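Enquirer: As a plain string of letters, each chain reads:
Number of protein chains: 2
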Amino acid sequence: MKNLNFEQTKIKDGFWGFYSDLDRNAIVKNVYDRFKETGRFDALRCGWREGMPNKPHHFWDSDVAKWIEGAAYLIEAAPAPDLEALIDEMVEDIAENQRTDGYFNSYFQTIEPSKIFTDRRMHELYCAGHMIEAAIAYHRATGKDKLLNCMLKNVDMIYRIFVEEQSAAFVTPGHPEIELALLKLYEYTGDKKHLELARFFIDQRGSNEREEKNPCNQSDIPLREVSDAVGHAVRACYLYTAMAMLAKIDGDDKLKKACDRLFHDIVNSKMSITGGIGADHSEEKFSYQYDLPNSDTYNETCAAISLSMFAGAMQEMEVNSRYGDVIERVYYNGFLSGVSLDGERFFYTNPLEIDRKKYARSTYQPICERVKVFNCSCCPPNVVRMLASISRYMYTIDGDTVYCNQFGESETKLQIGGKTAVLTQTTDYPYSGKITFHYSGEPMTLYVRIPDWCVEYRGDTENGFVRFALSDGDSVTVDLPMEIHFIEANPYAQDNSGRYALQRGPIVYCMEEIDNGENLRDITLLENSEAKVVRENGIPAPVIYLGAERRPAADHLYRLKNSQRISFTARLIPYFAFANREATDMLVWTMVR
Amino acid sequence: MKNLNFEQTKIKDGFWGFYSDLDRNAIVKNVYDRFKETGRFDALRCGWREGMPNKPHHFWDSDVAKWIEGAAYLIEAAPAPDLEALIDEMVEDIAENQRTDGYFNSYFQTIEPSKIFTDRRMHELYCAGHMIEAAIAYHRATGKDKLLNCMLKNVDMIYRIFVEEQSAAFVTPGHPEIELALLKLYEYTGDKKHLELARFFIDQRGSNEREEKNPCNQSDIPLREVSDAVGHAVRACYLYTAMAMLAKIDGDDKLKKACDRLFHDIVNSKMSITGGIGADHSEEKFSYQYDLPNSDTYNETCAAISLSMFAGAMQEMEVNSRYGDVIERVYYNGFLSGVSLDGERFFYTNPLEIDRKKYARSTYQPICERVKVFNCSCCPPNVVRMLASISRYMYTIDGDTVYCNQFGESETKLQIGGKTAVLTQTTDYPYSGKITFHYSGEPMTLYVRIPDWCVEYRGDTENGFVRFALSDGDSVTVDLPMEIHFIEANPYAQDNSGRYALQRGPIVYCMEEIDNGENLRDITLLENSEAKVVRENGIPAPVIYLGAERRPAADHLYRLKNSQRISFTARLIPYFAFANREATDMLVWTMVR
Chain D
1 MKNLNFEQTK
11 IKDGFWGFYS
21 DLDRNAIVKN
31 VYDRFKETGR
41 FDALRCGWRE
51 GMPNKPHHFW
61 DSDVAKWIEG
71 AAYLIEAAPA
81 PDLEALIDEM
91 VEDIAENQRT
101 DGYFNSYFQT
111 IEPSKIFTDR
121 RMHELYCAGH
131 MIEAAIAYHR
141 ATGKDKLLNC
151 MLKNVDMIYR
161 IFVEEQSAAF
171 VTPGHPEIEL
181 ALLKLYEYTG
191 DKKHLELARF
201 FIDQRGSNER
211 EEKNPCNQSD
221 IPLREVSDAV
231 GHAVRACYLY
241 TAMAMLAKID
251 GDDKLKKACD
261 RLFHDIVNSK
271 MSITGGIGAD
281 HSEEKFSYQY
291 DLPNSDTYNE
301 TCAAISLSMF
311 AGAMQEMEVN
321 SRYGDVIERV
331 YYNGFLSGVS
341 LDGERFFYTN
351 PLEIDRKKYA
361 RSTYQPICER
371 VKVFNCSCCP
381 PNVVRMLASI
391 SRYMYTIDGD
401 TVYCNQFGES
411 ETKLQIGGKT
421 AVLTQTTDYP
431 YSGKITFHYS
441 GEPMTLYVRI
451 PDWCVEYRGD
461 TENGFVRFAL
471 SDGDSVTVDL
481 PMEIHFIEAN
491 PYAQDNSGRY
501 ALQRGPIVYC
511 MEEIDNGENL
521 RDITLLENSE
531 AKVVRENGIP
541 APVIYLGAER
551 RPAADHLYRL
561 KNSQRISFTA
571 RLIPYFAFAN
581 REATDMLVWT
591 MVR
Chain U
1 MKNLNFEQTK
11 IKDGFWGFYS
21 DLDRNAIVKN
31 VYDRFKETGR
41 FDALRCGWRE
51 GMPNKPHHFW
61 DSDVAKWIEG
71 AAYLIEAAPA
81 PDLEALIDEM
91 VEDIAENQRT
101 DGYFNSYFQT
111 IEPSKIFTDR
121 RMHELYCAGH
131 MIEAAIAYHR
141 ATGKDKLLNC
151 MLKNVDMIYR
161 IFVEEQSAAF
171 VTPGHPEIEL
181 ALLKLYEYTG
191 DKKHLELARF
201 FIDQRGSNER
211 EEKNPCNQSD
221 IPLREVSDAV
231 GHAVRACYLY
241 TAMAMLAKID
251 GDDKLKKACD
261 RLFHDIVNSK
271 MSITGGIGAD
281 HSEEKFSYQY
291 DLPNSDTYNE
301 TCAAISLSMF
311 AGAMQEMEVN
321 SRYGDVIERV
331 YYNGFLSGVS
341 LDGERFFYTN
351 PLEIDRKKYA
361 RSTYQPICER
371 VKVFNCSCCP
381 PNVVRMLASI
391 SRYMYTIDGD
401 TVYCNQFGES
411 ETKLQIGGKT
421 AVLTQTTDYP
431 YSGKITFHYS
441 GEPMTLYVRI
451 PDWCVEYRGD
461 TENGFVRFAL
471 SDGDSVTVDL
481 PMEIHFIEAN
491 PYAQDNSGRY
501 ALQRGPIVYC
511 MEEIDNGENL
521 RDITLLENSE
531 AKVVRENGIP
541 APVIYLGAER
551 RPAADHLYRL
561 KNSQRISFTA
571 RLIPYFAFAN
581 REATDMLVWT
591 MVR
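Residue numbers (our numbering), protein chains in the order written: chain D, 1 to 593; chain U, 1 to 593.
What the hints contain is simulated information worked out from the structure, not anything from laboratory work. Any given hint might turn out to be false.
If chains are identical, the list can't say which one is meant, so a pair holds when it fits in one copy or spans any two.
Straight line, CA to CA, 27 Å or less: simulated DSSO-like cross-link-like pairs of lysine-lysine [to be verified]:
id : residue 1 : residue 2
1  : K254      : K36
2  : K434      : K153
3  : K413      : K184
4  : K55       : K36
5  : K213      : K358
6  : K357      : K213
7  : K561      : K532
8  : K257      : K29
9  : K561      : K434
10 : K413      : K2
11 : K248      : K434
12 : K55       : K29
13 : K257      : K213
14 : K184      : K372
15 : K12       : K434
16 : K12       : K256
17 : K357      : K192
It should be emphasised that the depicted structure is a prediction, and the values quoted were computed from it without experimental measurement.
My request is simple: use the sequences and hints to build the entire structure.
Expert: So, in structure tokens, the structure goes:
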């Protein structure tokens, strides 16, 4: 069972068409410009010297790599000679400056050559991992092998230092990432050495006596024994993704069971309703179970991305709609909120409430408006690559059985019965829940995920999927009722007690002060009022207008409970579309009666 | 118009009898023991040298002074030779070590003699202020004048340094307090110099070019122009108290109006329902209007005390029940919570919610159980003196007119028509709201405050008081309906939107996890269920049992809003009685339906 390679699917229009176009026409270019301005690409030349502007940073290579990977996906989907020329230039710089032993890291070679592989907290292996992913993507997109060859040489060097010589000052990376990259590389090259190196890093983590037991980077317990998702959320889910990939490749049931426990722990106790993870801003980490604060949650864009990667890897091991459910939740909400609707600005953290006055007096002060670039700018290029590979989680294939996990106007070419078949989706999802599949090809079985939010669906499902037998020329339609739902959180999630989130289809909604006036927490939505679901320019999902009420202004600070209320119509916008006008307060969890 | 001196009223029994006994039998002794152990009394001998334990701290003299003041009040109410002997010993030490120029501060004389009056942030004038109050109290209680003489000499020195020579490195105290002490001293001695020195400090504050403009200690704006209560809450209300006292003495209308604005700002936008103030823990200060957080509010015990002092001073300028309302709110709630029911342990901060898990991951971690002593132990001796002077705000007298502001079983001697009269209150307030006044003496007019919480009272009031003409032998009864009320906060107080506080009479209630199970925020009280108001051992105010419901445990993190609830009987205890068993979560603001 395997997720279809995303390049087999052409996104055509609709919601994901909007974002694919935005990525190609704006985001990839904007991120390039900001990275160019800040010297990230120039750093590859290893020519920075004291006194020059734009001193390189130890994780800049990963920013560049993610940008290359994303641009490569765009090139693969449709020619983009301008992007290709830019990448070729970068690859030249990398090839030219790679050491003869295969090492490449622009920061360490330029600034601290004596410190190579001496400090686990530095991101050398993390950068290498991202560059491996970039190399695979660019090779697949263009057939050009220069970067791939560089990285193969680089991996050989890492194997030698870490496995054979054990001459580095540490055993496993402080920031996991290379593990999943090596497993991708193994899938691409078939070279067992790549598999072995990934397995080494996973086996040693939390087990090797030479390393400190640190839950913050998941090094406290041997990975096959873990049950609790802990520590830095991005590191965690990059690692868990690799664990799931390795469990599948090795048929390692113990590792698979650890992944099951981790996935369960995250999804059932540590995930915001937006799919955001990493509630504790203090170390960008998972908090304790059910601690899901709103205004000061961290919920880094990269963490949401890493959770969908983890779910995507799990989806290749087990037929269960829960994985597609999580990916959908992340993609339509806490991931997309990371980029503005014009593709120019980004969020690093994605709170579920903005209270500007409270922020102003707080020690933790997240930004309330997206910005063009961050000093630590891991998220923007991660958005580039994830948007360019939207369809990677759309289908899973197992022989002549195809699982449709995600919905969107698209055309997919796949191999059924040894021949090329074509499966299309026609839908304006998420405006409606009607999805028509048209199929041409050899007979096959199509399973379509019935999302967890679709409680009104009345058909039979297997593991959360509905089954269709398709032959050449068949069309089938799934019509998911798109009701407005008010969602409650577990009673242990104390921050949301007495509050509800409005969700319609996969989209979680929020209210902004700019539409609804001040004191958002004092607004009560009226669940029996008639909702208007409206298509509006500039937002690729419906806006909802709903009857609401608020308390009138009061002279006194305290008074008897009373029922005096002012009626008004609340405007609710998709959560992912918040903060696209001016700085304003925002709220997801609201009162309902 | 003047508050009756507290020593004219003898507390006899009931609620305040409980606390008066507790103060005399436990608190004053426990605080003495802790201060003795930590070297605070020994420090008066100025004999500490490097290498010895218990290095003195620059505000220790104020701790000692507040303890002396409180003990003096107890001595005045009933002989206490043991306390008197202890004080005499301290006074000897002070007198012996006071410099010939009148300066006394055990810290500076012992540790940093070269730094005397060089640093505004140090608490020299604050300590002097408290010692002046102690000296007056002890002189009044015993007639012994040694400490008073010391402090008169000390004040002469301060006058010379600050007014005549202006030779200190600063103009006004960093921590106000001495202003109100000097005005008390002026009332006691009639010496204009004491009034003049107080007026100097008030006039210069925020006006003098030599001083930095710092809102945190109320030095940013000339005091007659202020409107917003800002900065460190204790400093603020000690200062505002002095401003009100000076406004009355000088008939200074501009200063009175500033006090009016400040009082309005605090009471209508910056005061917890418990009477606690200082919501922003970061600098123990007032936050912006309506920012009234629960779990991380500061609400220092001393700040509550200072607010009742401010209201008490205002009450001497204007007949309005609002001052008595605030004093009552503070005394029965956010002040009393500062001491345990056995008089052994203290809170410095008084949150309205305890969420231990949240605290554990927070940068701000208030204690969840009272402790015997703090390093910065200003609150415990403040509790000693405030409990020993409970009756100071009970009556205000203006010729033959008496205002009863506070209620409690008591006997008061006062001068009416040139003769001694006796006014008694018979009541089990706050169990019931029935208060019977018996009077013997020349004819007089009694006004009785109708509390703001008593919305069911149907008689005529003037400025919030009900009027009685009393002659010798008369008895009158006021019967305040004691209903259970659910109180809502202003819609701008976002932290409490959708939540209500249960209040009965002057008492605000809370729920503890130890009684009600976990997830307190998920509990809904049923306002139409039958409440049981119960007298229980160990708590001098009723405990309330009320129908409630909570959501059952859920497997999933998110699910559709539903009405499934588990019924149970909630136990609500007076807020002041929280945290008297083991560490447990606590909540004031709850859901109600």
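Enquirer: Now, for every hint given, state plainly whether the structure supports it.
Expert: Here is what the structure says about each hint:
1. K254 with K36: neither (45 Å within a copy, 61 Å between copies)
2. K434 with K153: neither (49 Å within a copy, 90 Å between copies)
3. K413 with K184: The answer is within: 22 Å in one copy meets 27 Å, while 91 Å across copies does not.
4. K55 with K36: For K55 and K36, only the intra-copy Cα distance (13 Å) is at most 27 Å; the inter-copy one is 58 Å.
5. K213 with K358: between (36 Å within a copy, 24 Å between copies)
6. K357 with K213: Result: close only across copies, 23 Å inter versus 39 Å intra.
7. K561 with K532: Answer is between; shortest inter-copy Cα gap is 20 Å, intra-copy 31 Å.
8. K257 with K29: Intra 42 Å, inter 61 Å, cutoff 27 Å: neither.
9. K561 with K434: between (45 Å within a copy, 25 Å between copies)
10. K413 with K2: within (15 Å within a copy, 92 Å between copies)
11. K248 with K434: neither (34 Å within a copy, 77 Å between copies)
12. K55 with K29: Cα proximity of K55 and K29: one copy only (23 Å, versus 64 Å across).
13. K257 with K213: Within. Shortest intra-copy distance 22 Å satisfies the 27 Å Cα cut-off; inter-copy 63 Å does not.
14. K184 with K372: For K184 and K372, the Cα distance exceeds 27 Å both inside one copy (31 Å) and across copies (61 Å).
15. K12 with K434: Cα proximity of K12 and K434: one copy only (16 Å, versus 78 Å across).
16. K12 with K256: neither (36 Å within a copy, 73 Å between copies)
17. K357 with K192: Cα proximity of K357 and K192: none, with 56 Å in one copy and 46 Å across.
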